[in-house]
Amino acid sequence: MDLTLTPELATFREEVRAFLEAHGGEYEAGAPKDPKAWQRLLIDNGYAARTIPRAYGGFGAAPDGLKTRIIAEAFIDAGAPRGMSGQGISMLVPTLLEVGSEEQKTRWIPPTLSGDIIWCQGYSEPGAGSDLANLQTKAVEDGEDFLISGSKIWTSTAAQAQMMFCLVRTEPDKPKHEGISYILFPMDTPGIEVRPLKTMTGQAEFNEVFFTDVRVPKTNVVGGRGRGWQVANTTLKHERGMLGDPNATEARLKQLIELMKSETVDGQRIIDNPIFRDRLMQLQARVLSMKFNGLRTMTDDTAGLARLVVKLQGCELNHQVAALAIDALGELGILYQDGPHLRAKGRWQWNYMFDLGLIIGGGTAQIQKNIISERGLGMPREPKTVEA
Amino acid sequence: MRFALSEDQTMLQDSLNRTLADLVPLERVRRFADDEGPQQVSDIWMRLAEMGLPGLMIPEEQGGLGLGMLEAALASEALGKVAAAAPFLGSAVLAPLALKLAGTDEQRRRWLPKLATGAVTAGVAISEPIAGARDGAGVTAADGRLTGQALFALNATGADLLVVADKNGGLHLTHIAEAAEPMPSIDVTRRLTALTFKDTPAEALASNGALDRLRDAAWILLAADTLGAAQAMLDKAVAYAKERKQFGRTIGSFQAVKHLCAEMAAELEPARALVWYAAYAFDHAPDEAPLMAAHAKAHTSEIGRFIARTATEVHGGIGMTDLLGLHFWFKRIGQNRQLLGGPEKVREIAARMQGLAA
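Going line by line, the protein sequences match chains D and G. Letter by letter, the first sequence follows residues 1 to 388 in our numbering. Letter by letter, the second sequence follows residues 1001 to 1358 in our numbering.
Chain D on its own, in the form it takes in the complex (with noise of 0.2 angstroms):
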């Protein structure tokens, strides 16, 4: 254990520091005035797309996981916003770096990072959520295309999206996990209907996507046909890694700590309650330990269980920091949408459905248990039923 900076880290804070500083001017409330010069720049500095190379757009440092730390933490310190971070840049780009052919490469990751193309993702469906192999929507061969037929589900950004990079079904003869092949489409592409998918919060953060024969040349496949489900598995695994980020979950404990210091009822702090006060110390504490255990995950090759506990633990947590706020605001936590006693415009009220959703989506929680149980453990799989 050594936690201290290395003379060669402490000098990059310092320039991570000087750099927010001297571009303080270009944001305000935690937004960028204009989202792609913004993304520009950071690029340009390498504080995104940090580790793309430069032949694909991006700035081609060598993965070093404490400087993106660093980043990470000199940025929430000075409320700045981090660079775009939609599916596209998340998911997609490390999955063409991995597998796509070079000349996807350098069509589809260019304007990606600089926001000029936003990404929705088409894995679950209707019939295949946690059994995503389980995926129907068939993609059937004419000439040099593919005809896509069947829906997707739970599709954020599907409307301002312009591309999709979508799971379909090309080998229909083939066991479940070896029919699926990974492929590329522009939204515009005749045949797709979109529809809002209004969830609890009242906001449709989510959509349902509808298609009918929509033709897609075959070159657009991704990682070769009949491949598709190895090369959705490497977008997963970075999905995962973004749920349950525990620099987001330490942000919000600190909001809610200001909360309960500065609500009070009939005169008397939240925080001077001392059941309340004891929740917060034993969230304090969870809070804490994912943090450690997330500095443990960058450095320590012993951290594999570590790392598996990541999504399932993260996410239950966030979703009792916002309980506990919930709580804390007492009646005035069931108040939502607008009004002179709505406090902080409702967000934790969103953060406490939301937050639900976010145990549930990207491997629920009870598939989470599975993957920790059966890898991380060595416990046996689930018998599976024969296949019909």
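Please keep in mind that the hints were generated in silico from the structure rather than gathered at the bench. Keep in mind that the hints are not guaranteed to be accurate.
[Unchecked claim] List of simulated lysine-lysine pairs, DSBU-like, C-alpha gap at most 35 angstroms: (1) 1236/G - 291/D; (2) 384/D - 1242/G; (3) 1236/G - 384/D; (4) 174/D - 1242/G; (5) 261/D - 176/D; (6) 176/D - 1242/G; (7) 261/D - 33/D; (8) 1345/G - 254/D; (9) 176/D - 1245/G.
Keeping the supplied structure of chain D fixed, place chain G upon it in accordance with the hints.
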């Protein structure tokens, strides 16, 4: 920067785990409860002395290994893993720390070399000013003499030296008590003692807040002990679930069972990082250490309780039996939870440390 054990720390951990697995098998744990228990403790301590464990934190010039709190936490974890009886916390950590922080050169010269070899052991009575006084206990000090009762003294049975905290948090050294009565507890692996003083001569240590550091050290090491004991219970539960068959399947293939194991691992693994950090902070970030120690103690108490009951449940009925012996770890975790402040008490102190409570 590296959040991981060093090569030396990993080697220490491995050799402790290997030695203790041989030295403290379950048959030996059972004998801690017998009349020959104290002899067992002494035998184990002498064997651990060959590895230098009694002098782990004592400076090299006084015959110790001069290692830090993280190494002590690894040792506590290893002891908890096999439910070993050994005067590690009092004799190897808290008493040397008291002498280091608040003793005179003369006191250090007199005691540290003997503690380092294990020839002498020390008991520590600091419960009342930390956890609060029960049944009117508490020690008052006046004119170099101690009077009153100190409950829940650690490693005090057969100790040659006692470190005693008075009601005001002052620390004292003494050899004797008027009476030392055992306090039979759920955990037979570590005996507790009620010490009575009546005008007992004692040497006052410097009054410089050393008790707070002793408290932090004790909290961190009780947390590490729970970590080791809980890991042992999880390992046993997983091993059992892979072997035991019902309905024609190993029970570990049922999600109802394996999800319990996943939940235990998911609670335990991040707690390990918290305990490591608290131990690291004790030596390298002293400003942060009190809060981290408090959270480590309270949090491992909570997840320890969950793992102790869940690992027992995974074993089914056999988990409750004396024959299996799982209860030794169950009770050890339970004792760590209450000793020197239960989680509610410790969290209240944690809130106070941050100015969140009066």
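Legend entry - 35 angstroms limit on alpha-carbon distance, applied to hinted pair residue 1236/G and residue 291/D: 28 angstroms, holds
Legend entry - Proposed proximity, residue 176/D with residue 261/D (alpha carbon, max 35 angstroms): Measuring from Cα to Cα gives roughly 54 angstroms; hence the hint is violated.
Inset, instruction - Assess, step by step, whether the Cα of residue 1345/G is no farther than 35 angstroms from the Cα of residue 254/D, and give holds or violated. - result: Since the Cα atoms of residue 1345/G and residue 254/D sit roughly 23 angstroms apart, the hinted pair holds (cutoff 35 angstroms).
Inset, instruction - Could you grab the alpha-carbon distance between residue 1236/G and residue 384/D and see if it respects the 35 angstroms cut-off? - result: At roughly 26 angstroms apart (the allowed maximum being 35 angstroms), residue 384/D and residue 1236/G satisfy the hint.
Legend entry - Distance restraint between residue 176/D and residue 1242/G, which requires alpha-carbon spacing of 35 angstroms or less: 29 angstroms, holds
Inset, instruction - Take the C-alpha atoms of residue 176/D and residue 1245/G, compute the straight-line distance between them, and say whether it is at most 35 angstroms. - result: 31 angstroms, holds
Inset, instruction - Verify the proposed pairing of residue 174/D with residue 1242/G, using a straight-line Cα cut of 35 angstroms. - result: Distance of about 33 angstroms is within 35 angstroms: holds.
Legend entry - 35 angstroms Cα cutoff - pair residue 384/D, residue 1242/G: Holds, because 18 angstroms separates the two Cα atoms, which is no more than 35 angstroms.
Legend entry - Given hint residue 33/D paired with residue 261/D - CA-CA distance at most 35 angstroms: 32 angstroms, holds
Hint compliance for this structure: hint 5 is the single one not met.
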